Structures are given as C-alpha cells and as structure tokens.
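Visitor: Kindly produce the complete structure, drawing on both the sequences and the hints.
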Amino acid sequence: MGDLNEILSSLTLELRRGTIVLSVLSQLNEPQYGYTLVKSMEEKGVSVDTNTLYPLLRRLEKQEILISEWETDGNKPRKYYKRTELGDKVYEKLTMQWKEMTEIMNRLLEPKK
Amino acid sequence: MKENQSNELIERYLYDVIRRLPEKQREDIEQELRTLIEDMIEERAESGEYSREECERYVLNELGNPVKLAKSYRGGEDSLISGEYYDEYCFILKIILICAGVGIIVSNIASTVIHAVDAEVITNGTWREMFDVGISLPAVLLQIFGTITLIFAIMQRYNVKINVEEEEWSVEKLPQIPYKKAIISRGESAVGIVFGILVILLFTYRPQLMGAWIKRGDSIVSIPLFNLPIWGKVLPFFIISVTAGIISDFVKLVAGRYNYRVMITTIVMDILGFVMTFIFIKMFPIWNENFIPELQRETERVISAKGDILTYFNTDTFANGILLLILFCFLLDIGTTVYYTVRYGNK
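Residue numbers (my numbering), protein chains in the order written: chain G, 1071 to 1183; chain X, 19 to 365.
Heads up, some of the hints might be wrong.
Claimed, not checked - Just a few of them, taken from the derived set where beta-carbon distance is under 8 Å, the chain X residues facing chain G:
1) E45
2) Q49
3) E50
4) T53
5) L54
6) E56
7) M58
8) L81
9) G82
10) V85
11) S90
12) Y91
13) G93
The hints are simulated quantities; they were obtained by calculation from the structure and are not laboratory data.
Because the structure is a prediction, the values reported are computed rather than measured.
Each residue gets a CB set at the ideal place from its N, CA and C atoms; glycine is no exception.
Guide: Next up, the structure:
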C-alpha cells in the first residue's frame, strides 16, 4: 500500500509518454530550436525532459516527419526543427485520432447514472 | 567560445555520450548538445546566485547519465549488437567476409591450376574442386559471420554489465578524455584482426599454396614450403598463437585506447603467442625437407652459392633466425604497449 505514489507516478509517466509526440508536433509548424521548445511547452504546462526531447526530435527527423536546419548566425550554432509536409499529414491524422480517443475515454470515465 | 578550464566537465560529458554513438551522427549531436548545455547553463547563471561550475554540475546532472542519453539517441531498444559497436561490427564483418570469400575462390582456382609436387596432398578433379567451393564457401562464410557476431555480442553483454553496476551516476564519474597519444586507432586493430583470421584460414585450408610455384610445361607446380604430412599436429599450436594476437587486438578495439587492461592482455597474449610459436618451430619438423632438392630438380639450378639464404633452409640457424625475428616483433609490441600505457594510460 505504501507505494501508491510510486505506482501512480509510473502510470502517469506512461500515460504522458504517449502524448509527447503529438505535443511536440503541435508546436512545430514554425521552426523552433530544441531548448526554446522545452521552455515554451513548460509554460503551457507540458513538461518534457530535455534528454527525452532531443533524441525524440532526431528520431522524428529520421522518419521524415520533421526537418532540421542549422542556424549559425548567432554566437552559437543552433538546430531548428519544423514539420515536413509528411509531418503535417501525420499531425492532422494524429489529432483526429486523439479527439476520437478522448471522446471515447470521456464516455468511459463518466460516472454511470 | 573558450571559457577557461572549467569547461572540462562539459567536454568530458560530451565525450562520454558521443563515443557511444555511431560515427556518422557524432559531430551533429555533439554540436547540438554543446549549444544546449551552454544555453541551459546561461539560463541558470542569469540569477547570479551560482558559480559557473555549480551551474555546469547542475545542468549535467539534469541531462543525466551519458549511457542513458546515448541509448535514447540510438533508439533505445536493446539489440544483439548495439549502435555503440555497430560500426566496428559491420566494418570487420564486411572486410573479413570479402577477404575470406575472395580468398577461398582464388585459392581454389589456384590449387586447381597448380599441382603440388607431393601428389598425396593434392588433388582431386576440377569438378570435385568446384563442388567443394560451392559447399564450403557458404559454410565458411556463415561460420565467420557467426563467430564475429558472437564475439561482439559477448563483448557487449560484458560491457553492459559494467555499466549497469554504476547505477548511481554522478558528474564525478565522467571519464577523462584520453590524451591523443593514448588513443589506439580502430583501423589498426581491425587490420590486425582481419589479417589474423585470414592467416588462420590460409594455414588451415590451403597450406600447400605456401611454397615455390614453378612453371612446368603447361602446368604450374607448387613445392610446399612446409612439411604437410605432419601439418595436423602443428596447426593447433599455430592457431592458438595467432588467436592470441586476435584476442589482444579485440581488446584494443573495444578499449580504443591504451590502459592497464589492454597492457595486461597484450603481455599475456604475446607471451602465449610466442610460447606456441616456439613450440611449433623448435619441436616439430615443420619444414619440407625435400623443398631444396625438389626446387633444384624443377629449376635445374644448383643452389650452393654462399650467402644464398636457401642454403640455410631447414637448418637450426634458419629456425633460430625466424624465431628471433618473431621474438623481436612480440617484444616490440609489448614494449610499445607498456610505454604508451605508462606514459599516457592515465591521461
């Protein structure tokens, strides 16, 4: 019984993990630099670990959902990511899926009368 | 961009992540992480409350264990051969398979064309030879593939075990970036491994090809250099000796640098290798005693001139000379390894 918190936090983590890709995709219609993406998502209440996000961005790039570009104007070179055309389609479909799922879940979770 | 020596921690962190990644991605990821770390540090330093070093430690701790970070860059899932060694694995596999494949085909063609003078050793009909290649080539290649995969898999399990033991990660545990001179080029170790395996294949499957090839009329004959009838007894010693070298090259390849583990393996394996060499050169009549007479008969030339190395063939002087040369090579290897380890091993 003592580890209710432990169980809860690992289950919450699992729930959240499923939403990361969609949250990231939602922010990348404009090119963004990884760390500002972390910050802006944090402000909106979605916390993503930096060490999860960076590898994730790269994986999505490999799947050609995102495209990246180095910007070397400032004193530090920064890599900007944004959605590709394929990414747009994926994002659109995933959003539909998400809406459908939340609807179903809400119905499921509503207290029975 | 130089920020004094406290940058050292960041460099060590980056090094520890990057070395676990496939070669192709290293530069890009390093640059990306470097900027990220700098940005995170700047953000934390803004308040002015913390020193630069405190910020560094905080940020690196937040990014967490380099092993885990590298793993998530690689795509995370455990595979038989992970990204950490995948480059070397593919590289070695490719070279050895190509060399062995070409080697087997060429040596088969050669031994069909070249007939050994010792008729008992060789040879079957051409068709039989072709049939042999068809059967043995895939089998040998498969064997090589399996062996190399197994070695890498074992190596990886072993290393993973070491990493898991260090569950509590902290900045202090970051490895030092090796001093340039302590780094062992992976190509060098790979060449050693490939060469060793090819030598074993040659000595095991086609010892008759090592000898003098002489044109006799339309055909080519080969006078074997070695005493083939007792070859079966010599071979185990020879194989152990070469395998010892291959093992020490493998350890070098994995470590990628000189350190005490590499030094000890090298010394042990070199001694083992030399003892085995000593046994088969001194204890067995490994040379073909008919080599010179047959050579004279085939070439119709008398070898007697003083200083001609062939006059010493199969004498004690000859064996000792070769042994001395081999000893020199082993000592040179031990010498350089000890020197580099003691001098740079801890840097």
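Visitor: Quick check: which numbered hints come out false for this structure?
Guide: Going through the list in order, the structure violates hints 1 and 10 and respects the others.
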